[in-house]
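J.: Please work from the sequences and hints to get the whole structure.
When we follow UniProt numbering, the leftmost residue of the first sequence carries the number 1, and every step to the right adds one.
Straight-line alpha carbon distances no greater than 20 Å define the calculated SDA-like cross-link-like pairs of lysine to any residue that follow:
#1 K105 to L17
#2 K6 to R157
#3 K72 to E51
#4 K72 to A55
#5 K131 to R181
#6 K75 to I64
#7 K131 to I153
#8 K75 to T63
If you anchor each label on the Cβ, the simulated ranges turn out as follows:
#9 D45 to P138: 34 to 44 Å
#10 D83 to I186: 44 to 54 Å
#11 E84 to R185: 50 to 60 Å
#12 D59 to I186: 44 to 54 Å
#13 N91 to R185: 37 to 47 Å
#14 D53 to K131: 34 to 44 Å
Keep in mind the hints are simulated off the structure, nothing from the lab.
Backbone N, C-alpha and C define an ideal beta-carbon position, used for all residues, glycine too.
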Amino acid sequence: MYPNPKTMLYHESPFQLVIAVLMSAQTTDVGVNKVTPALFAAYPDANAMAEADVADLEDKIKTIGLYRNKAKNMKKTAIMIRDEFGGQVPNTREELEKLPGVGRKTANVVLSEAFGVPTIAVDTHVERVTKRMGIVPPNASVRETEEILMARIPENRWRDAHHQFIYFGREYCTARNPKCRKDPRIDFCECRVLPQYG
DNA sequence: ATCCCGAGGG
DNA sequence: CCCTCTGGAT
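T.: Next up, the structure:
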């Protein structure tokens with residue numbers, strides 16, 4: 001199931017991936033993909049976005065959540081990549097997390113998608129799905145969740161597993177009204193009986 | 001712990 | 001109406 005998993009975020013370079021993932025916080029990838037074509041047409045790389053007017057960045061991404069913070073962080077990130085990383089997106093987690101608006105989850109996505117470094121980025125879907133499945137204890141932090149999953153899953157499958165959890169969470173093991181509740185094939189998922197998942 | 005924050009779904 | 005969406009900074 002879920003063959004050839006990859007990010008759904010539109011991008012044509014590591015820089016565009018950083019910006020797209022930065023924008024995806026608390027926002028659907030469909031919503032991000034709706035604004036990135038025009039955004040990247042105007043500002044295709046770090047040098048261009050570093051010179052952007054923040055008000056214009058806001059205007060171009062206005063339809064996504066948290067857009068003011070994101071527009072500000074996008075410009076700062078572009079400037080930092082231009083001035084401190086020689087115009088190239090850094091390929092270590094430590095450097096990536098120096099970029100404003102880039103935390104561990106975003107850095108992990110960029111590392112695995114752009115640079116082939118195996119990671120498991122823990123987002124809202126990964127956390128919900130793995131906790132419901134019982135792979136991760138309910139009270140585990142995001143960081144603990146990542147470590148438990150890395151210990152449990154072979155390294156060469158980390159990247160795919162990340163996407164598979166997300167697809168499964170999006171389409172089936174949804175936050176509200178999970179499909180398992182009405183699926184006769186499923187009789188093991190605790191969502192069926194535990195009211196807190198209803 | 002709180003804030004940011006629009007679109008889409010139920 | 002309310003909840004959720006590939007979070008991060010303070």
